[in-house]
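Trainee: In terms of my numbering, the sequence shown opens at residue 8 and continues consecutively.
Keep in mind that a hint or two might mislead.
To be verified - Once the Cα atoms are required to be at most 27 Å apart in a straight line, the calculated DSSO-like pairs of lysine-lysine come out as: (1) Lys39 x Lys9; (2) Lys41 x Lys53; (3) Lys229 x Lys44; (4) Lys375 x Lys352; (5) Lys113 x Lys53; (6) Lys33 x Lys44; (7) Lys78 x Lys271; (8) Lys113 x Lys33; (9) Lys39 x Lys113; (10) Lys262 x Lys227; (11) Lys375 x Lys262; (12) Lys262 x Lys9; (13) Lys262 x Lys220; (14) Lys220 x Lys234; (15) Lys229 x Lys375; (16) Lys371 x Lys271; (17) Lys397 x Lys153; (18) Lys44 x Lys9; (19) Lys229 x Lys373; (20) Lys373 x Lys271; (21) Lys153 x Lys373; (22) Lys262 x Lys53; (23) Lys352 x Lys271; (24) Lys352 x Lys229; (25) Lys220 x Lys9; (26) Lys44 x Lys227; (27) Lys234 x Lys39.
The hints are simulated quantities; they were obtained by calculation from the structure and are not laboratory data. Here the structure is a predicted model, which is why all the values come from computation and not from measurement.
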Amino acid sequence: MKNFNVDVNGYYGDFGGAYIPEILYKNVEELKNKYQKIIDDPSFQKEYNDLLRDYVGRPSPLYLANRLSEKYSCKIYLKREDLNHTGAHKINNSIGQVLLARRMNKTRIIAETGAGQHGVATATVCALMNMECIIYMGKTDVERQKLNVQKMEMLGAKVVPVTSGNMTLKDATNEAIRDWCCNPSDTYYVIGSTVGPHPYPDMVARLQSVISKEIRQQLKEKEGREKPDYLIACVGGGSNAAGTIYHYLNDEDVKIVLAEAGGKGIDSGQSAATIQLGRLGIIHGSKTLIMQSEDGQIEEPYSISAGLDYPGIGPLHAYLASAGRSTVLAVNDDEAMRAAFELTKLEGIIPAIESAHALGALEKVKFKQDDVVVLCLSGRGDKDMETYIKYFNLINE
């Protein structure tokens, strides 16, 4: 049986590793040597778990969506990460990493953000722990996620709009790495997804694995079994997906279906479907699948969702797809938006546009009547209301 966890050198099969400038070598090595020891330390675990319970509001509910289940002729449970404090799964990781930074005596926190959920989560934890916080965000995303920018600023973070490239998540990540190179001694970089140099992909997956740990316990209570037939999540960099599948990676009877952003269609030139379109390369310190031109230039991704338009993919997800452990479906803008309106009408839940991509995968899978499906509803749709309203008006013109 294949082992899908990271190896000692930070690789998942051919993907992963740490490809970093020399100035960051000491930081990344220190993190690599300390993170597991610190995370496994009982006093860290206690502080982390207490905050997840009393501050974030975990465990998040596992909700049986009856009307949605009826529509797709199976049993669909939604893992309600949208009910966490700050409205998404991102806070699970931010709390863990800021606690880690504090134990490593770092005083200044930087982060990148696309949809703004990771930025808000990191700014929230920095306010809680009295840490300086700088968030890099592409100018395009600053404009389409105004509410989240206002939240970050209210929480005391400095939001830096990035104007290079197409001014989205990739560019924000570039700037955050530049900052880290200039301030290696006092700065800790909180990466929001399962991307970047080792140990970040593994560390973020571990901190998000609280999701699958709870799914196992909650399914046992509700269904008398720990394993669903299907796990479904959206994937951009891949943290909510990694958290949803973490404790099931080596249970090969559990099918993993991931939805990436098809944008205007995978052949349209306006897509963020990295697993369908990507080729092997190096981005942000990791060897993975990347959308790139013939001569290796990174191609600008596109998605209606600010959190999924990344031209790479976490190395874990690149490996799972290439090994056939996961099925990755491209869900385009229209399919995701249709699925979002459907969930709202059927269950009274407005999802984040990122999560709507996972919902859009439901119509692409042939379920059996007795299949138990767990879908990670990674965030709520407050931040996307402007986009939803614009889209709704457009299709009803």
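Trainee: Would you mind marking each hint as holding or not holding in the structure?
Mentor: Structure-based check of each hint:
1. Lys39 x Lys9: Roughly 24 Å between the alpha carbons, so the hint for Lys39 and Lys9 holds.
2. Lys41 x Lys53: 18 Å, holds
3. Lys229 x Lys44: Roughly 34 Å between the alpha carbons, so the hint for Lys229 and Lys44 is violated.
4. Lys375 x Lys352: Given that 27 Å is the threshold and the Cα spacing comes to 24 Å, the pair holds.
5. Lys113 x Lys53: 21 Å, holds
6. Lys33 x Lys44: This hinted pair holds, its Cα atoms lying about 18 Å apart.
7. Lys78 x Lys271: 26 Å, holds
8. Lys113 x Lys33: 14 Å, holds
9. Lys39 x Lys113: Given pair Lys39, Lys113 holds - Cα atoms ~15 Å apart, limit 27 Å.
10. Lys262 x Lys227: 18 Å, holds
11. Lys375 x Lys262: Holds - the C-alpha atoms of Lys262 and Lys375 are around 13 Å apart, at most 27 Å.
12. Lys262 x Lys9: 15 Å, holds
13. Lys262 x Lys220: With Cα atoms ~17 Å apart, Lys262 and Lys220 stay inside 27 Å; holds.
14. Lys220 x Lys234: 11 Å, holds
15. Lys229 x Lys375: Distance of about 19 Å is within 27 Å: holds.
16. Lys371 x Lys271: 17 Å, holds
17. Lys397 x Lys153: Cα-Cα ~15 Å, so holds.
18. Lys44 x Lys9: 26 Å, holds
19. Lys229 x Lys373: Cα-Cα ~23 Å, so holds.
20. Lys373 x Lys271: Since the Cα atoms of Lys373 and Lys271 sit roughly 24 Å apart, the hinted pair holds (cutoff 27 Å).
21. Lys153 x Lys373: 39 Å, violated
22. Lys262 x Lys53: 32 Å, violated
23. Lys352 x Lys271: 24 Å, holds
24. Lys352 x Lys229: Holds, at about 25 Å.
25. Lys220 x Lys9: 21 Å, holds
26. Lys44 x Lys227: Roughly 30 Å separates the two Cα atoms, so the pair is violated.
27. Lys234 x Lys39: 32 Å, violated
Consistency with the previously given hints fails for numbers 3, 21, 22, 26, 27, ordered from lowest to highest.
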